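*Asks:* As a plain string of letters, each chain reads:
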Amino acid sequence: MIFLTRRATFSASHYYWNPAWPAEKNEQVFGRCANRNGHGHNYTLEVTVAGEPDPVTGFVVDLKWLKEAIERQVLAAYDHRHLNLETPEFGEGKLIPTTENIAISAWKRLEPAIAAAGGARLSRVRVYETPEIFAEYRGEA
Amino acid sequence: MKAYFGRRYMLSASHRLHSEELSAEENRAAYGKCNNPHGHGHNYVVEVLAGGAVDAQTGMVVNLAALDEAVRVRAIDRFDHTNLNHDPLFVNRAPTTENLCRAVFGLLKDALPAGELESVRVEETENNFFECFGE
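Order-wise, the sequence lines are chains A and B.
Just so we're aligned, residue 1 is where the first sequence starts under my numbering, counting upward by one.
Just so we're aligned, residue 1 is where the second sequence starts under my numbering, counting upward by one.
By construction, these hints were calculated from the structure, which means they are not laboratory data.
These numbers were taken from a predicted model, which means no experiment stands behind them.
In this text, a Cβ means the ideal position worked out from N, Cα and C, and glycines have one as well.
Hints may be right or wrong, so weigh each one.
[Unchecked claim] Partner residues are not named here, just some residues of chain B that face chain A (Cβ under 8 Å, in silico): (1) SER19; (2) LEU64; (3) ALA65; (4) ARG72; (5) ILE76.
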């Protein structure tokens, strides 16, 4: 089994806010991230797939195909967007666009396309919010 | 849904790799430049990975500020700008980065404010790093 990772970057804005809470609690729990005018990051997305190299091509997955799948499924929705305002999964009252939830949501956007292509399976999605802060999802319940 | 939250910290420390169980020649053979009697130092990167359910109210595995505080109090403040050989954890154990990585794992294992400690990775330089999963 070989694990192959493709990296991509996107820039987006977001804020953290739980509408079930009063403003004071949002500010206490989320700190500066609760500023409803939002703020932004340069995110780095790492997509890892696992599989056996194809006996003919030697590829676990065609990297060009994977690059385009990441662009189509994730970057088209997240890059240069305000995540709270422009992506359905992070709308008001839905998921808070934390790094954890971005990793899970990127997985959900990618997994069906990778499964449908056959061959490699999605193994891990890691999202760096800054070079020092990241979250990952491995498809666990 | 289980996810993982990772955070990278930096600490600067000195050390000397030396074992009392080896002769002077054996120490030099085993540790090379790292056996220099006066020690040397590194800017270590400590990467902490916490795993756990994503809280439905916060969207988080662990609160970043709370994690930072726990890691700082338990590990970073203990080792940053110190000579690792003087730490009680390394009195009878060479402060290799393998042993530092395992020591940090032990210090943090039961100290996280939420989630479980999945792994600790310590980068000694840009070209070498060590990981401990608690095994």
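*Asks:* Which of the stated hints cannot be reconciled with the structure, identified by number in ascending sequence?
*Replies:* 1, 4, 5
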